[in-house]
Amino acid sequence: MSAAALTSHFVRRELRNRFAGSFSGGLWALLQPLLQLAVYAFVFVHIFKARVPGADAPGYVPFLVAALWPWAAFAEAILRSTTALQDNAALIGKVALPREILVVAVVCSSFLIHVAGFVAVAFALGMLGQGVRLAWLPVAVLLYLPLFGLALGFALACAAVQVFVRDLVQLLGQLLPLLMFGAPIFYDRATLPEAFRGLLAANPFTFYAETFRAILLGHGEFDATRCAIAVGVAAAVLFVGHRLFRRLDPHFEDFL
Amino acid sequence: MNAPLIEARGLGKSYPQVHRSGDRLRALGRLLFSRADPDRISVLRDVDLRVERGESLGLVGANGAGKSTLLKLLTGVLTPTTGSVTVNGTIGALLELGAGFHPEYSGRDNIVMAAALHGLEGEELQRRLPGMVEFADIGRYIDEPVKHYSSGMVVRLGFAVVASLRPDLLVTDEVLAVGDESFQKKCIRWMQDYLDGGGTLILVSHSMYHVQKLCRQACWLRDGAVAMSGDVFEVTQAYLAWHERKDGADAERAGARHDVEFSVVDVRLGEGTVAPLLQPGDDLCVRARIRSRDGRDPQVAIGVVRADGTPVYGLASDMEGQSLRRVGEDEYACALVFERLPLLPGSYLVRVHPMDPEGVRVFDTMERPFTVRGSTREFGLVRLAHRWDERGGLG
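Chains as they are written, first to last, in our numbering: chain Z, 1 to 256; chain C, 1 to 395.
Chain C on its own, in the form it takes in the complex:
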């Protein structure tokens, strides 16, 4: 029990650049006679990973971050360029759609083949075959060639084999996404049961829901290196926040207005100048100073958006009959407190826009980020007040 189920040290993978057929011959010569490294494209660098028996690890990251390459290295499909992988147990892998399936053969034959690749033979295989066929649940298609299958059926077939084998470590790569709703549920149920029974899981998914539901640990890969690893909630929130900032930055470039009749001088959140970290239920204080060019009293609109720009809530001072306090020759100030913030964990922005005295035109924009931390499994942006009615449901 002391040895980790799987451990990777300094794992790296790079591919040679082969453009012309002459490059292949040279590459062969280099491989045979020397160790001089040619031009290579690195897809994974210096990854350390350690998964103990019974753990569940989610791998998250943008497209092309190296998640699939990492899985292939862990399962031994690819050979690492640097570093090493130590495995103390059996691995069942669902790497790519239909990996290892022969399109001309029937589903049943392919199950037998896949089972053989996992070391299942003879009577043991015959005993388990009906169970696999039943788990796949694709009806008469089981005896049709796999080339006639839909992608969902292919996944069902692959999962059926792995489910029956119950390996020490299960590695899956975003294959569940193509299964239909009921099959996804079946797989999730199976995986939870498998984890409860002491199984170990490494899951790649773009669905944070699946990752948070199934995994306790997470690892975020960015550009081929580990950006963050640790508790699943912290990692997935940081990862989502990174996405939101990226999307937000794209949206920002689309249009910033530069009308100078009214402008925002400064916006501060909370006490300091750094982006505050809040817990759900904390108060958030927004202080803003507005400059008015020709001395007219401005109004202000203040809004909260998620970091990707999705609006959460907004209001304007004139709606509530408020006016701004004059603090200088042409400067005005206001302070707004959002009490007991019901926002769910994530990254958000406060946006402040000065408006003309009539509250009709919006001028400048200034944004300040803040983060809500927490480990709730609720979904969405805000917590809606709720209670469970003890008297029960419809009946």
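In isolation and in its complexed conformation, chain Z is listed as follows:
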């Protein structure tokens, strides 16, 4: 059986499942992060008076967009795929299929939705003259590739462990916001007190938040070495995640 064809089937099914029965269907995919962005923009720009430091700094909204959308894809992919095996318990016990596909489908659908949203919003901001470098948009989309690998690695590991320890998804619900605020998504590295800056390197998303901005807004430096390291980390996480998944795969049906 062709794994690619089956995966595409499950991705389509996943996309349909998400929006089946909702009034505006696929529109929600775009609407939801837009509303989220509006809330954040209002709170940070008008209440906290947040400004991006620097002389030729971008506006706060494009600054937020460049990092928030990739984060949404990353976090949602992990959180949703953690229960992917559990949700498909009926399928796992009755039909022979490579179980990775169930996780891959969820991660793919999350990324598809959010990359599409990212492109649309970036394009809109570019048209509105908000300092988005549209010529660099394809490169920014390319950066989603290592991010996808990283998310998939975590997703495989979490989905496999969740089968055995059902507390994981609760824990992730607490852990992911921590990771979000621990990465320079809402703020710039420069505004962080010296003492804490070292910690940013420990957060796997720091690189992505800063590099998306460097590519799309020209804010900050694009560092090829960090890029290579990030690709290496993503590959390593994917490898370990997949190994863990394979290791536990024969025992899923016993614990579902």
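It is worth saying that the hints were derived from the structure and are not from the lab. Remember, predicted model here, so these are calculated numbers, not experimental data. Where hints are given, some of them may not hold.
To be verified - Below, computed lysine to aspartate or glutamate pairings styled on EDC-like, alpha-carbon distance capped at 20 Å:
| id | chain 1 | residue 1 | chain 2 | residue 2 |
| --- | --- | --- | --- | --- |
| 1 | Z | K94 | C | E174 |
| 2 | C | K213 | C | D180 |
| 3 | Z | K94 | C | D109 |
| 4 | C | K147 | Z | D87 |
| 5 | Z | K94 | C | D180 |
What the hints assert, rightly or not - A few chain C positions that, by computed beta-carbon distances, are all more than 12 Å from chain Z:
| id | residue |
| --- | --- |
| 6 | R24 |
| 7 | L49 |
| 8 | T75 |
| 9 | P80 |
| 10 | G270 |
| 11 | L284 |
| 12 | P311 |
| 13 | G328 |
| 14 | E329 |
| 15 | C334 |
| 16 | G359 |
For each residue, glycine too, the CB sits at the ideal point set by N, CA and C.
Got chain Z; can you put chain C on it based on the hints?
Just chain C, lined up with the frame of chain Z:
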């Protein structure tokens, strides 16, 4: 052609015992860091199975014997704890009612999904889809969500997909039972056609009729191990006999009478003391000795029942004006020959009851088993004498 289509060696499956949520964490740790086996419940042990291309195998066994688990191991849905399965071909499986169907989706969408799981995609799928819909034959329900289906419709849908795929090996698990009469016939017809065309079948069924009709080989699973395998007739008869004995033993406990005025000393069938094996048409000789406590001449009732207690035939000596021969101080004997026994293959019992001289009250009971062997496909207990009238039927 040399390699078997599917071969299992030393196949076993056991489940971990998980009672508390803490057990899950420990199990995870064990799986990740060591291979020490925790407490496990074994559901299948050491099963060897070999099915060649073109064969048809019936799996029989009581509930909980491990039949479904075995099928799931063979189809790769479950991972064996011990042993291995080698498959050289495509497998189409109808394992459980509605397995893999999404209740929210329409029948048509689910057919597409199920076909995709079997590796059917794109144009090929579009070409075959009308055929599948037609085979399922559930009318406008095909575009309704599966959650509104009856169980029969779900089976129709599942079978339609498999029928269209024509896999090298078809594995079905008692799913036909919920289809209605005409659909069952359609499926049986299809399966026979499939077998004639060189298909291979593994069938789980509690209907010995289906098993005998479709399969040449059979395998009997008892408590997770192979109890017997071989020719379908021998295996199914042994399996049914086991059931009959089990039921008979249950019925026996219900009531045995202990009135000692007349008692059975001994009953022998045929020549020896072991349970005889007969072919249909053999003679069966029953010899009995009866003790009479106060020296009155007893009568005797002799009956044949199937091993589950279903009566086949019975008679009493006083009906035919017979009296028993006195062979000792208080012992009487008789011998009865059933000539050219018309019983169909199965396990049976001869029951002997002494009766009072008036032939009114029944006292003791003694049973002796015997078995009729054979490979006929007739149904029921006895062969009724018959002939086909050459002049034809009603018209």
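A quick look at each hint next to the structure:
Distance restraint check for K94/Z and E174/C: the Cα-Cα separation of roughly 14 Å lies within the 20 Å cut-off, and the hinted pair is therefore satisfied. Of the pairs offered as hints, the one joining K213/C and D180/C holds, with about 18 Å between alpha carbons and a cut-off of 20 Å not exceeded. For the hint linking K94/Z to D109/C, the alpha-carbon distance of about 18 Å falls within 20 Å, and the restraint holds. A C-alpha spacing of about 17 Å is found between K147/C and D87/Z, which places the hinted pair at or below 20 Å, so the restraint holds.
A threshold of 20 Å between alpha carbons decides the hint, and for K94/Z with D180/C the separation of about 24 Å lies outside it, so the pair is violated. A cut-off of 12 Å between C-beta atoms contradicts the statement that R24/C is not in contact with chain Z; the least separation is 5 Å. Every C-beta of chain Z lies more than 12 Å from that of L49/C, the closest at about 17 Å, which supports listing it as non-interface. A cut-off of 12 Å between C-beta atoms contradicts the statement that T75/C is not in contact with chain Z; the least separation is 5 Å.
Not every CB of chain Z is more than 12 Å from the CB of P80/C (nearest about 9 Å), against its label as outside the interface. Listed as a non-interface residue, G270/C keeps its Cβ farther than 12 Å from every Cβ of chain Z; the least gap is roughly 51 Å. Distance check on L284/C: its Cβ is at least 50 Å (rounded) from any Cβ of chain Z, clearing the 12 Å threshold; non-interface status holds. Under the 12 Å C-beta cut-off, the non-interface status given to P311/C relative to chain Z holds; the minimum distance is some 44 Å.
Its beta-carbon lying about 67 Å from the closest one in chain Z, G328/C satisfies the requirement of being farther than 12 Å from that chain. At the 12 Å boundary, the C-beta of E329/C stays outside the reach of chain Z, the nearest C-beta of that chain being 69 Å off. Every Cβ of chain Z is farther than 12 Å from the Cβ of C334/C; the closest lies at roughly 60 Å, confirming the non-interface assignment. Interface exclusion of G359/C from chain Z stands, the closest Cβ pair being 62 Å apart, more than 12 Å.
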